[in-house]
Every structure is written in structure tokens, then in C-alpha cells.
Amino acid sequence: MSGEWFHLLNVIGVAFFAVSGTLLAHKKDVDGLGIVVLASVTALGGGTLRDILLNQPVFWVAHADYLYATYAAVFVTVFLIRVVSKFSGYYFLLADAFGLGLYNIVGIEKSLINDAGMVVAITLGTITCIFGGLIRDVICSEIPLVLRGGLYATACIAGGLVYAALFLLDVSYGWCIIASLATTVFLRLGAIRWNWEPTIFKRGKKLD
Amino acid sequence: MSGEWFHLLNVIGVAFFAVSGTLLAHKKDVDGLGIVVLASVTALGGGTLRDILLNQPVFWVAHADYLYATYAAVFVTVFLIRVVSKFSGYYFLLADAFGLGLYNIVGIEKSLINDAGMVVAITLGTITCIFGGLIRDVICSEIPLVLRGGLYATACIAGGLVYAALFLLDVSYGWCIIASLATTVFLRLGAIRWNWEPTIFKRGKKLD
Amino acid sequence: MSGEWFHLLNVIGVAFFAVSGTLLAHKKDVDGLGIVVLASVTALGGGTLRDILLNQPVFWVAHADYLYATYAAVFVTVFLIRVVSKFSGYYFLLADAFGLGLYNIVGIEKSLINDAGMVVAITLGTITCIFGGLIRDVICSEIPLVLRGGLYATACIAGGLVYAALFLLDVSYGWCIIASLATTVFLRLGAIRWNWEPTIFKRGKKLD
Chain A
1 MSGEWFHLLN
11 VIGVAFFAVS
21 GTLLAHKKDV
31 DGLGIVVLAS
41 VTALGGGTLR
51 DILLNQPVFW
61 VAHADYLYAT
71 YAAVFVTVFL
81 IRVVSKFSGY
91 YFLLADAFGL
101 GLYNIVGIEK
111 SLINDAGMVV
121 AITLGTITCI
131 FGGLIRDVIC
141 SEIPLVLRGG
151 LYATACIAGG
161 LVYAALFLLD
171 VSYGWCIIAS
181 LATTVFLRLG
191 AIRWNWEPTI
201 FKRGKKLD
Chain B
1 MSGEWFHLLN
11 VIGVAFFAVS
21 GTLLAHKKDV
31 DGLGIVVLAS
41 VTALGGGTLR
51 DILLNQPVFW
61 VAHADYLYAT
71 YAAVFVTVFL
81 IRVVSKFSGY
91 YFLLADAFGL
101 GLYNIVGIEK
111 SLINDAGMVV
121 AITLGTITCI
131 FGGLIRDVIC
141 SEIPLVLRGG
151 LYATACIAGG
161 LVYAALFLLD
171 VSYGWCIIAS
181 LATTVFLRLG
191 AIRWNWEPTI
201 FKRGKKLD
Chain C
1 MSGEWFHLLN
11 VIGVAFFAVS
21 GTLLAHKKDV
31 DGLGIVVLAS
41 VTALGGGTLR
51 DILLNQPVFW
61 VAHADYLYAT
71 YAAVFVTVFL
81 IRVVSKFSGY
91 YFLLADAFGL
101 GLYNIVGIEK
111 SLINDAGMVV
121 AITLGTITCI
131 FGGLIRDVIC
141 SEIPLVLRGG
151 LYATACIAGG
161 LVYAALFLLD
171 VSYGWCIIAS
181 LATTVFLRLG
191 AIRWNWEPTI
201 FKRGKKLD
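Chains as they are written, first to last, in full-length UniProt numbering: chain A, 1 to 208; chain B, 1 to 208; chain C, 1 to 208.
Here chain A stands alone, though its shape is the one from the complex (with noise of 0.2 Å):
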């Protein structure tokens, strides 16, 4: 992938995350700068850690419009909820939706691009993807969204397989990046319309 349109993806996945964080931090009634907080850990988080763990310089640090992103993501956001009276969750999950699905294709990419093998790739895409949102989670002491099914992880690794396919078959970047987002987007969106959900344990069986 050329250097300007990962650049663009990974602005794009940030800002999303941005807004999403930011709608969330406006349900839980935090206030002041716990919002711009809140909003931030969401979006820089996954892809903070994702540097981290490459140990490459982190990309915000390094470049500043990350940041910029961030911020204006956050305050457009705040100031649209002002604005407008009733804003609907559904803006919530699309938000969530397309960030997970940029977010998952920017985290394989730069993997790939630091000699990290396939499997290490998936797992850090879908790292980059849930992590940022766990410690959303964790920080407002809930039970994580990740952890309460609706396809959330799987839709990652299934966007991550698409893309891995698609890479080895040699096909263009651009439908590499499409197959993939679409492959997310429409698994995390559809689990929660038709509640699509994977059972690997049995439920209701408890250890003593």
C-alpha cells in the first residue's frame, strides 16, 4: 500500500473511533475534558499499543495530525450533540463499525510491513481494533463489548482472513482494503441486527 493512502486510512480509522468514543463518553454523562479523555483512549488506544508491541515509534507521537484528527473528531462530535436533539445509537455503532473495520486493515498492513508472519498479523490487526475500546470499557467499569458476543473479535479475523486471502491471490490493494471493511462492517453490523452469535462453550455450564 502506498505510504499517503495507509496514512489517509489510518486518519480516517482514528476519527472514527473518535466520534465513537466521544457519543459513548455523552451517554455515561462524563463531563468536561473526562469526554476529550474518553474519546482519545478510544481512538489512539489500539493502534497505540499496535506500535508498541512493533516497536515502532507510536504514530501519533510521531506525527501530530493524528492528534489534530483526534481533537477535531471529538469537539465536531460534541458540538453536533449540542446542536441536534436527539441523536440515535445507531450513529454509535456505524461509527464503531467502520472505525473496527479501517482500524483492523491498518493494523495487518503495518504488521505485514515490519516482517510480522500472517497469524502475528491477524492477532494484531484485531488488537488494534478491540483494544482501544476495552480500555474504554474498562475506564467506565463495564463488562467490555468485546466480551458480550455480537461478533465484535470475529468480525475482525474474518475482515483479517479476507484480507490475507486476497493478499496471497495477489489482487490489488484497493480490492484488498474494500473485501475486507465490507467483511467487517456487514458481520459486526449484521450480529446486531439479527443477533448472529458464535457459541464455542456450551452456555450456563459453571465450574464449581
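Some hints here could point you the wrong way.
[Claimed, not checked] 27 Å max Cα-Cα, derived BS3-like pairs, lysine-lysine: (1) C:K28 with A:K28; (2) A:K28 with B:K28; (3) C:K28 with B:K28.
[Claimed, not checked] Derived, one-sided and incomplete: chain A residues facing chain C with beta-carbon distance under 7 Å: (4) I52; (5) L53; (6) N55; (7) V120; (8) V138; (9) A153.
In short, the hints are calculated from the structure, not lab data.
Virtual Cβ for every residue (Gly too), placed ideally from N, Cα, C.
We have chain A; now place chains B and C onto it with these hints.
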């Protein structure tokens, strides 16, 4: 800033946060080595994240005296609590406010030395301040102090802006430090005393 | 320690922690891929933090077999739980205690190789042990096991001191490992069996 001053401020900041961590752990009725764990996380967490984000050697791994300062501050505080019959929560807030101010300066300074821009530096200063306390609160299953208002993050950012302004005006290091520290401590303690609070969001307005 | 031994101990420690993470996730009634997330965090979290703090390549990113060991241990445990009708919580504590002992040794060893002093090395060994479980508990919104007594951190530190003492007395690696592992496992399981508990603070004394 000369290396020695920098080092000294850092050690004192760590010690202040270790004291506030110990006082909070005591309040929580955490016992045994849990106190040391909680106080160490509070004292070292923020600076650890700062160094990782800057891709620098983590300060307390590189120089063992930070670890000694933390352990010493914890044990002295534990000893004092056992000896003095009644401890006011005021000491916790005081230690925390000074820890906040000092850590903020160290964070900004270290970011600037490592070629970060001003916006990134102020963000990293604030992260240095709030991250330790944030983990401490998250571990104790509480909504973090920083999200509950009280100008916590605001005081750091204001102190950072004062430092940046004086720094750009070529004021000597000593005055930059004193002015920034005074701003942060004043805002933080004032916010507690007189209930100052910023309102970015209108409170009480919820998403569906 | 020869590189192969070191590698083997690390893989076994990771697998033990993956088993204990899976058993806990099952107990929590977490379903689907949430189990894999929770077990992976438990297994890899502590070692990841250790490598980041030492500014070394993160072990499971550099060598994919740690990731394979984790996933394998998770799926075997999930399979066993489905097959065996009744699982005692005892297996969880046993797997956790052995994970603790092994991870501790690997942590100390890796710190010493990277020129850390003894105090830093023992601190890092303990961090390697407790951090994975700490995140696991924090994610599940529980007060972490490590803060609830049971000599959790104490067992690691004692194992670390035994290792350090024998190491300085030039005892061969094999015996250092066995003695340190025995100390940690004995203290941890003994603390659970006979309710040993340290008291640094007098309990029940609160701050106002």
C-alpha cells in the same frame, strides 16, 4: 533544564504520587503487598507510559533510584499512618496536587527533549499526570477521578500552557517550573475547595 | 541459562496461564471469542509488559510459537471442559500457581540478561507474574486477585529472592529454577490452603 534538576523533580514527583497512592490504598482497606502494588502503579504508571510512547528507556528500569524512592515513600507513609492516630484526607489531595504539577513539567520537558511538538508535549505531560491515577482507580473498580471533574486534566493542561508560553518567551527554567507548578496546584486545589467545574457538555442530556 | 531452556520455560509458563485464563473465563460465563481474548491477555499480558519495559522485542510478536501455544492451550482446555462433566476450581489455582512460578523465573532471567540490577529484576519478575492476571480481573470488573491477599505478590518476591540468593552463590541454573519454582508454588498454594496472610497495615483503620 540541567539533567540533575530534571532528575530531582522527577524523583520528588514520583515520591508525592507514591504517598497519594499509599493513602488511597489504605482508605480502600487493601492489605499486605497490595498497597505496594497500588502505590507503585500510581507513582510510576504515568511516567512509564510517557517513556514507552517516546520510545525511550523506561526511567525506573534505567535508574533504580526511582524504585527506591517509591518503596521508601510507601513504607514511610505506611509507618506514619500506623503511628499517627488520625489522618486527614486532605494530605492525600495535597500530595496528589503536587505530584500532578511536578510530573506534568517533567513530562513536557522530556517530550520536548525528544523532539515532540508543543501539542504532543502538552498531551504527553497530561498523560504522565493522569495515567497512574487512572490505572489506580480502574484497578479499584472506581470511575477514575479524572473523569469525575474537579479540573484534574484541565489543571495539567493549564500548567502545560503556562510552561509552553514562558518557555517560548525565553524565561529561565526556574521560573517556568515555579509558574507552571503554581498554576496546576492552584487550579487543582481551588477546584476542590470551591467546586469549580467546566461544562463542555450540557449535563443530563442523554443519547437514546 | 541456555536459550533453549529459557524458551521452553517461557512456553510452558504461557500455556499454564492460558489454561488458568480459560478456566476463569468459563467461570465468568464469557462466551465465544471473548474466552480467547481473556485467556490470551492473562497468558501474554505480563510478559508483554516486561519486554516493553526492557525495551526488547515483544516475545510473542518476535516468535509466533508463543501465540500458537496460547491458542492451543485455550482450545484444549475449552474441549476438556465440554467433555469432562465437572471441573474443580482447584485446577485453576494449580495452573495459576505453576504459571506464577515459571513466569517469575523467566522475568528475572530476562531482566538480568538485559543488564537490570537485582531490585529491578525482582520487581520485573513480579510484574511479569501479576500483570496478566491483573488485567484479566480488571477487564472482568473484579478487584484483582493480587490485591485481595493470598500472598500472590509475596510468593513471587520470595521466589525471586531465592533465585537471586542461589544465583549469587553460583548454584547451577537447574537448582536455582527448581528452588525458586518450589518456593513460589508452595507459598501460593499454602496461602490458599491455610489462609496465610501478611499484615502490613492494621486492618479496619480508615482515613476520614
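Taking the hints in turn, this is what the structure says about them:
The hinted pair formed by K28 of chain C and K28 of chain A meets the criterion: a straight-line CA distance of about 25 Å does not exceed 27 Å. Between K28 of chain A and K28 of chain B, the direct Cα distance comes to roughly 25 Å. Compliance with the 27 Å bound is thereby established for this hinted pair. Only pairs whose Cα atoms come within 27 Å are accepted, and K28 of chain C paired with K28 of chain B is accepted, the gap being roughly 25 Å. Checking I52 of chain A against chain C by beta carbon gives a least distance of about 6 Å; that is within 7 Å, so the hint holds.
With a least beta-carbon distance of about 5 Å to chain C, the hint placing L53 of chain A at the interface is held under the 7 Å criterion. Using the Cβ-Cβ criterion of 7 Å, the hint placing N55 of chain A at the interface with chain C is satisfied: the shortest such distance is roughly 6 Å. Because the smallest distance between the Cβ of V120 of chain A and any Cβ of chain C comes to about 5 Å, under 7 Å, the interface hint for this residue holds. Given hint, V138 of chain A at the interface with chain C, holds; its Cβ is 6 Å from that chain's nearest Cβ, closer than 7 Å.
The criterion of a C-beta within 7 Å of any C-beta in chain C is met by A153 of chain A, whose closest approach is roughly 4 Å, and the hint holds.
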